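Visitor: Chain by chain, the residues:
There are 2 protein chains.
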Amino acid sequence: MTVDQAGEPKRRSRQKRVGDALRRDTRDRLLEAAAEEFAAHGYAGTTVTRLAAAAGVSVPTLYLAWGSKRELLRGYMEKALSGTASSPEDAASRFAGMPPRERLAELADLVAEVAERAATGWRLYRDAAAVDPGIAADWNELQLLRHRLFARVLDGIPEAALADGLTREAAIDTAWTIASPDTYDLLVRRLGYERDDFRDWMRRTLTAAILAPAAGADTTRA
Amino acid sequence: MTVDQAGEPKRRSRQKRVGDALRRDTRDRLLEAAAEEFAAHGYAGTTVTRLAAAAGVSVPTLYLAWGSKRELLRGYMEKALSGTASSPEDAASRFAGMPPRERLAELADLVAEVAERAATGWRLYRDAAAVDPGIAADWNELQLLRHRLFARVLDGIPEAALADGLTREAAIDTAWTIASPDTYDLLVRRLGYERDDFRDWMRRTLTAAILAPAAGADTTRA
Chain H
1130 MTVDQAGEPK RRSRQKRVGD ALRRDTRDRL LEAAAEEFAA HGYAGTTVTR
1180 LAAAAGVSVP TLYLAWGSKR ELLRGYMEKA LSGTASSPED AASRFAGMPP
1230 RERLAELADL VAEVAERAAT GWRLYRDAAA VDPGIAADWN ELQLLRHRLF
1280 ARVLDGIPEA ALADGLTREA AIDTAWTIAS PDTYDLLVRR LGYERDDFRD
1330 WMRRTLTAAI LAPAAGADTT RA
Chain L
1130 MTVDQAGEPK RRSRQKRVGD ALRRDTRDRL LEAAAEEFAA HGYAGTTVTR
1180 LAAAAGVSVP TLYLAWGSKR ELLRGYMEKA LSGTASSPED AASRFAGMPP
1230 RERLAELADL VAEVAERAAT GWRLYRDAAA VDPGIAADWN ELQLLRHRLF
1280 ARVLDGIPEA ALADGLTREA AIDTAWTIAS PDTYDLLVRR LGYERDDFRD
1330 WMRRTLTAAI LAPAAGADTT RA
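If you read the sequences in order, they're chains H and L.
Just add 1129 to wherever you are in the first sequence, counting from 1, and you've got the working numbering.
Just add 1129 to wherever you are in the second sequence, counting from 1, and you've got the working numbering.
This is chain H alone, in the form it adopts within the complex (with noise of 0.2 angstroms):
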């Protein structure tokens, strides 16, 4: 009879998938109480006691579920980085065939989002970063990946489009300094812009330093 044999692989199969659940729940609880801890109390504020706690779970099982307070911060912040889009690829399929100024509207709008959501989250990595050389590496790959989300939206515009004497490289180079979360902290947290202040100035600056003045006219869309 093969009946052990067969259903051997069922019951572990079966006994994955509740436990591939369970970790996934205890996952996403313990990032829910690292974005209210974090907030609250700052990154080297926040315990993995503390953590734990917050999430109703032991400090064991926070370890098991993401091995350090550090990746817990990185969890964090790619959740807040990735919003409703659930890759990069997402993020970058809501710029597809869009002519250049709509295309740079529409990043203006994402940076503004995004800027938004992660605020919190750029404050704890520039602050644990000025302490932290773990932190300040993963703050340094976090930036890189951001160029490679504006290196892939800006692929999309043509050359003759952008502004005189302006290679692509340096076009997404302006487009990730401009859309910095620096920019955020300076014109909202420092200046006090509302939300859609910072949503236009960020479309008016992004088109005026990228692109060619007549690459804005409705010229484009033909």
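Treat the hints as calculated values from the structure; they're not laboratory data.
Do not take every clue at face value.
[Said to hold, decoys possible] Taking CB as the label site, the calculated pair distances span:
hint, chain 1, residue 1, chain 2, residue 2, range
1, H, Arg1153, L, Glu1207, 49 to 57 angstroms
2, L, Arg1297, H, Thr1178, 49 to 57 angstroms
3, H, Glu1242, L, Gly1174, 36 to 44 angstroms
4, L, Pro1287, H, Asp1326, 18 to 26 angstroms
5, H, Asp1326, L, Gly1148, 50 to 58 angstroms
6, H, Thr1249, L, Arg1199, 21 to 29 angstroms
[Said to hold, decoys possible] Some chain L residues judged to face chain H by a derived CB distance under 7 angstroms, without partners named:
hint, residue
7, Asp1256
8, Ser1309
9, Thr1312
10, Leu1315
11, Leu1320
12, Ala1337
13, Ala1338
[As the list claims (entries may be wrong)] Some chain L residues judged to face chain H by a derived CB distance under 8 angstroms, without partners named:
hint, residue
14, Ala1259
15, Ala1292
16, Asp1302
17, Leu1316
No experiment lies behind these values; they were computed from the predicted model shown.
Here a beta-carbon is modelled for each residue, glycine too, at the ideal position from N, C-alpha and C.
Mind docking chain L on chain H? Use the hints.
Guide: The following block gives chain L in isolation, referenced to the frame of chain H:
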């Protein structure tokens, strides 16, 4: 006879001059020590004992001359920001009578000069502001001083030369944001731009974001 009555103020005045010169010398020596010690050990890692020893003075003398480690950081930063200019007025005077495009090119040059000189200081501020509210307040004030300098430089640009729909206030905010120390950090430290690349980027981006396209043409010289 009034010799004593006349001689007494004279002696006091000479003693005061000597005292002032000695105090200035002590303050300068402490500033030089601060520049080296802060750069090598960071703000938190530099103690007043270390600073006093590096300047060859006692700790009480340091407190008498500067008041605190925070004041020394502030003095160090102000010196880096002003460079060879003796005051913000002096720094602003180099823009006298310049037409819009040249004015922004000159501003870009000044920003590149100062950014290079002050990069370490800004990083010290950013890192120390994360853990010290007093430093955070000083940093905020330095950012607002920077905003006032930009306002002064941009006040020399006629409304008609500004990009379509850009108010003077928004133009000042925009230049201040684009030329922030964070931009130097992103382009030079992270992307490896050379000094000249950075200056050219600053010229091109400030001009594109602030001036109407026509304002860049030779007609503005007329």
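Visitor: Can you list which hints this structure breaks, lowest number first?
Guide: none
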